Structures are given as structure tokens and as C-alpha cells.
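Trainee: Sequence:
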Amino acid sequence: MRRPLLLAAICLVSVMGLLLHLGMIDRVPEGQTSAEALAAGEPLTFTGQVYQKDSEKLYFQSVHIISSAETSQPAIPCKDNFICIPEQGTDVPLGSVMMITGTFQPFPAAANPGEFDSREYYRTIGIGGKVKDAVVLAQGDDFWRLREALYRLRSRLCQRLEKVFPEKEAAVMCALLLGEKGDLDPELKELYRRNGILHILSISSLHITMIGMTVYKLLRRCRLPVCPAAAAGCGFLLLYGMMTGFSVSACRAVGMYLLRMAAEMVGRTYDMPTAIGVMAAVLTVKNPYCLRHTGFLLSFTSMIGIGVVYPALSSGNTASSRQLKKCGAKKIRLGRDFPEGHTPAVREGIFGGVREKLSEAVLSGISITLATLPVQLWFYYQVPVYSILLNILVLPFMKILMAAGFLALIPGLSFCGWADLLVLQGYERLCGIFDTFPFRTWNPGKPGILQVAVYYLVLGAAVWGRKYLSERYESRKRAESRPAERMQVRRRKQTEVCGAAAAACLVMLILTPTVFVWHPPVENQLLFLDVGQGEGILVRTASGENYLFDCGSSSRSQVG
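The sequence shown begins at 373 in the working numbering and counts up by one.
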């Protein structure tokens with residue numbers, strides 16, 4: 373069996389998803405309580421440990437509900453975490469155990485189709501509610517010294533970036549390098565999201581690979597053995613992930629890097645699909661609700677696009693041809709003569725390098741888009757049409773942006789920030805230009821479960837067929853090149869059939885998104901929208917016309 377570990381990881385994720393769908397994950401263990409048992413506006417006293425904080429809120433885990441602060445009744449464990457907004461501020465060390473009293477307030481659920489569901493979102497990150505008007509009754513002396521030191525280092529680095537860059541660019545660099553997104557300009561964030569490049573502000577594989585491999589290669593150049601160098605790189609990445617908050621994408625990227633370094637240390641081959649499956653299983657077992665988290669699904673489907681769909685699209689380029697190109701390019705740089713019989717391949721290695729890089733960028737962009745398309749439509753109902761082209765222009769400058777940003781954090785090297793300013797201004801201008809293009813957004817609406825299932829089945833079949841037939845096509849061509857082979861005509865016909873079938877799979881791969889174009893016939897509908905203190909009525913006709921009446925509200929702002 374090939375990749376048994378990957379198969380086990382897929383089975384484990386499937387089981388956790390089934391348990392979540394059946395509601396078995398929502399069951400409260402005996403002797404515990406949950407946030408759903410608490411009423412809105414109810415006075416609440418609890419103890420908990422601070423595991424995360426920002427300028428306004430504290431995040432508590434290991435929560436125990438106390439019926440009354442004056443009684444000696446035992447506290448009841450709560451399976452949910454809480455957000456607290458204390459009146460005394462958030463200057464509390466991470467890891468501190470505190471007793472808090474305040475007013476409990478649950479997160480609102482979506483009242484209308486397509487509305488953002490705060491309750492579901494916070495549930496995916498393990499938070500059951502928030503406590504307002506909180507007062508600290510008691511605080512322990514112990515705290516996490518390492519994590520608190522990393523948090524303070526992150527704060528100082530953010531202050532350093534605010535001194536080097538203007539306000540808007542400083543917020544972008546804080547999000548890009550340190551995972552601090554609280555001060556991002558809403559208009560700039562929406563501009564990036566609308567054009568499909570918001571992902572550059574997340575701590576992801578590019579950050580982890582660039583930082584981890586830089587540390588690893590530097591230590592290897594210092595003649596440090598593989599195991600100590602890999603261990604040092606992994607340790608540095610764990611500290612970096614801890615400092616930036618360990619988002620879902622960061623956890624996935626760090627975990628995959630650790631598996632890669634583990635393979636280096638034991639002398640095994642790193643398998644990207646297996647690493648993706650293992651990290652998905654680990655995160656799902658830790659928190660099954662992450663299967664409904666947008667960041668989790670986008671992060672892993674994008675990696676599936678790179679690790680599974682991309683090899684199928686680029687299966688025409690064999691490893692031997694790439695190796696020959698590299699060999700030829702190296703010989704020309706050394707000033708040697710062309711090897712006899714290989715002049716075209718050598719020249720292609722020199723002049724075809726840009727074309728190959730461009731081809732890889734286009735195919736990787738298409739692969740990620742194909743893999744993440746159902747997730748984007750499920751949560752956002754639309755996708756930017758030109759995002760692939762824009763990402764081809766944006767991503768090559770990301771390494772420059774990150775390298776110059778990290779250098780600007782060093783005292784005396786703040787002048788490196790000019791490169792970041794030029795790149796960020798270029799990003800903004802590019803997004804502005806792409807905003808003027810016609811048909812820049814495809815909006816087929818939220819797909820159905822059946823459409824998503826059919827899409828991934830067709831995509832998987834096309835990927836498997838394209839890869840399998842391309843391998844057979846290449847093997848048949850190699851067999852034909854041998855002299856004195858029997859049945860050469862028959863093999864040539866089989867080769868042509870394999871090539872045509874592989875091309876058909878490629879066409880099917882590209883046309884797969886048409887699954888979302890089909891929609892069931894619309895009947896006359898009358899929808900009463902929940903807008904709070906007001907009225908909102910939507911009338912949809914079978915002919916495709918929509919009429920919206922009133923939709924004003926005196927209790928909710930920005931209802932539209």
C-alpha cells in the first residue's frame with residue numbers, strides 16, 4: 373500500500389467530520405458545563421488562565437464557573453473558552469490564573485441567509501462567549517515566562533515597524549511579519565480581499581520555509597551536522613510561531629516543516645501529501661470544529677492544490693529534462709563549450725528559464741484556484757476572476773518584501789524599509805488597476821453540498837487520469853525510441869491514445885468549475901429579513917427579478 377500514513381490520516385479526519393456532523397462533538401461531558409447553558413446578561417464569576425491577549429481583550433482557557441464568589445461551592449469546569457474585556461486593562465502576563473466577575477454575553481448567530489455567523493466562527497476557535505464589564509477579583513503569581521517574553525518582543529518589534537514605516541504600511545508589515553492584524557486599514561484589507569491577494573498577510577508556508585531554511589542552511593554552511601542544524605531551525609520556528617500566535621495556517625506550515633526536517637534527520641524522503649494529511653489529522657483531533665473554519669479549509673485546500681493538482685497539470689515536464697536544462701545552464705555559466713549533441717537543450721536551459729518559471733507560476737495559481745474554489749464560493753459566494761494573473765505579479769516580490777522587512781527591524785538598517793514601501797505601493801496600484809477591469813468578479817452564489825461533492829469527484833478523477841495517462845504516455849515514448857522493438861506500430865497507436873486521453877483529462881480539469889454554473893429553477897419567494905427594529909422584505913420572482921422593500925433599522929447599524 374502506498375502512503376498508508378496518508379490513508380490513516382484521511383480516515384481519521386473523515387471520522388472526526390462525521391462525529392461533528394452528527395452533533396456528537398457538541399455533547400457536554402458529565403460533570404462539566406458549556407457556554408450554551410448560560411443566559412445572556414447573566415452575572416458570571418469564573419476562574420481561568422490567560423492564553424492569549426491583545427490591546428483590548430483577554431482570552432481564557434481552563435475555565436471553571438463559580439456560582440458565587442462568596443460561597444465555598446466547588447467550581448464547575450466549562451468546556452468552552454471565554455473572551456474577557458476587563459476594566460483594569462490587559463496588562464496581564466500570559467499564563468496568569470485569574471478570578472473574574474462580570475456579565476456574560478453570547479455571540480449572536482446568523483439571523484439571515486448569507487449573514488456572518490459570529491457564534492459559529494468563535495466556536496471553530498473554541499470560544500463560547502464573552503464577559504463584559506469584567507472586574508478582576510484575584511490573580512495568581514505564576515505565568516508563562518517564555519510566552520510573555522515573546523509577546524513583549526512582538527510588541528517592541530511592532531513599535532519598531534511603526535517608527536520605520538508610515539501608519540498604513542506599518543500595519544501591513546506588522547500583519548505580514550508578526551501576525552498582528554488589529555490595526556489594518558479596513559479599506560486596504562477589503563482592496564486586497566476583493567482582488568484575491570489577502571492571503572499574503574497571513575503567516576504561511578512562505579514565511580516558515582524562508583525563515584526555517586535560512587537558519588538551517590546557515591548552520592549547515594557553518595559545518596554543523598544535519599541533525600543539530602535541523603533541530604535548531606525547528607526550535608527557532610517554534611519560537612517564531614509562538615510569538616506570532618500560531619494561527620491555523622502557521623500551525624499547518626510549522627508542522628509540515630517539522631516533518632520535512634524529521635525526514636532529513638532520519639534520511640527518509642519527504643512526501644508532501646502525507647505531511648498535509650498528518651497535519652490535518654492533528655489539528656482536527658485537537659479541535660474538530662476547525663473543519664468549519666475558513667482559514668483551515670483554505671490553507672489545506674491550497675496545499676492540496678500545490679501537492680496534488682499541480683503535479684498533474686505540470687506532468688508534461690519530466691524530471692530528466694529539467695535536470696538537463698540545469699546542467700546545460702551551469703556549463704554555459706562556467707564558460708565551457710556546448711556538449712556534443714546537446715546544444716538545443718543547453719540553450720533552452722538558459723533562455724527558457726524565465727518561461728519555465730512563468731509556466732510554474734501560472735500552473736500553481738490555477739492549481740490553487742481549482743482546489744480552493746468550492747471553499748471560496750461556500751464562504752464568500754464569489755471569486756476574483758483575475759486573481760491568478762495578479763498573484764503572478766505579486767508573489768515574486770514577497771521574498772523581497774519579507775527580507776527587507778526583517779532587515780528593517782535591525783537598528784541601523786531602517787533604510788531597507790524603502791524597498792517595502794515601493795513594493796506595497798506597487799501592490800496597491802496594481803489592485804487599483806485590476807479593480808477597473810470588466811467582469812473582475814464571478815458570483816455564482818453559494819453552491820450546494822451535491823455540487824461541491826460532484827466538483828471534487830470530477831476534479832479528483834481528472835487529476836488521477838491526467839497523471840496516470842501522462843506517465844504511460846512518457847513510458848510508451850521511451851519504449852518507441854529503443855531500436856528493434858516489436859510491435860512498434862501498435863505501441864505508437866497506444867501512445868497516441870494515451871496522449872489524447874491525457875489531453876482530454878486536462879480539458880476536463882479546466883472545465884470542472886462549470887459545475888457551479890448550474891442552479892435549480894427559482895420559484896417565487898417572499899423572504900422576511902431580520903434587521904432588528906425595522907423591516908426588510910425581499911421578493912424573488914421566477915423570472916429572476918429581485919425587489920427589496922424598506923430594510924431600514926433603528927437598532928442595527930450598516931444592515932446592508
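Do not take every clue at face value.
Calculated pairs, BS3-like style, for lysine-lysine (alpha carbon to alpha carbon, straight line, at most 30 Å) [as the list claims (entries may be wrong)]:
| hint | residue 1 | residue 2 |
| --- | --- | --- |
| 1 | Lys429 | Lys589 |
| 2 | Lys451 | Lys553 |
| 3 | Lys502 | Lys429 |
| 4 | Lys502 | Lys425 |
| 5 | Lys553 | Lys771 |
| 6 | Lys504 | Lys429 |
| 7 | Lys561 | Lys818 |
| 8 | Lys504 | Lys658 |
| 9 | Lys658 | Lys818 |
| 10 | Lys589 | Lys502 |
| 11 | Lys561 | Lys540 |
| 12 | Lys561 | Lys535 |
| 13 | Lys504 | Lys535 |
These are calculated hints, taken from the structure and not from any lab test. Nothing here was measured: the structure is a model prediction, and the numbers come from that model.
Trainee: Now, for every hint given, state plainly whether the structure supports it.
Mentor: To see whether the hints hold, each was checked on the structure:
1. Lys429 / Lys589: Not satisfied, since the Cα-Cα distance of roughly 39 Å exceeds 30 Å.
2. Lys451 / Lys553: Satisfied, since the Cα-Cα distance of roughly 28 Å is no more than 30 Å.
3. Lys502 / Lys429: Status holds; Cα separation ~9 Å.
4. Lys502 / Lys425: Holds, at about 13 Å.
5. Lys553 / Lys771: holds, 20 Å
6. Lys504 / Lys429: holds, 10 Å
7. Lys561 / Lys818: Answer holds: Lys561 to Lys818 is near 23 Å, not above 30 Å.
8. Lys504 / Lys658: holds, 28 Å
9. Lys658 / Lys818: Given pair Lys658, Lys818 holds - Cα atoms ~29 Å apart, limit 30 Å.
10. Lys589 / Lys502: The hint is violated at about 45 Å.
11. Lys561 / Lys540: holds, 11 Å
12. Lys561 / Lys535: holds, 21 Å
13. Lys504 / Lys535: Cα-Cα ~34 Å, so violated.
Of the numbered hints given earlier, the model fails hints 1, 10, 13; all others are met.
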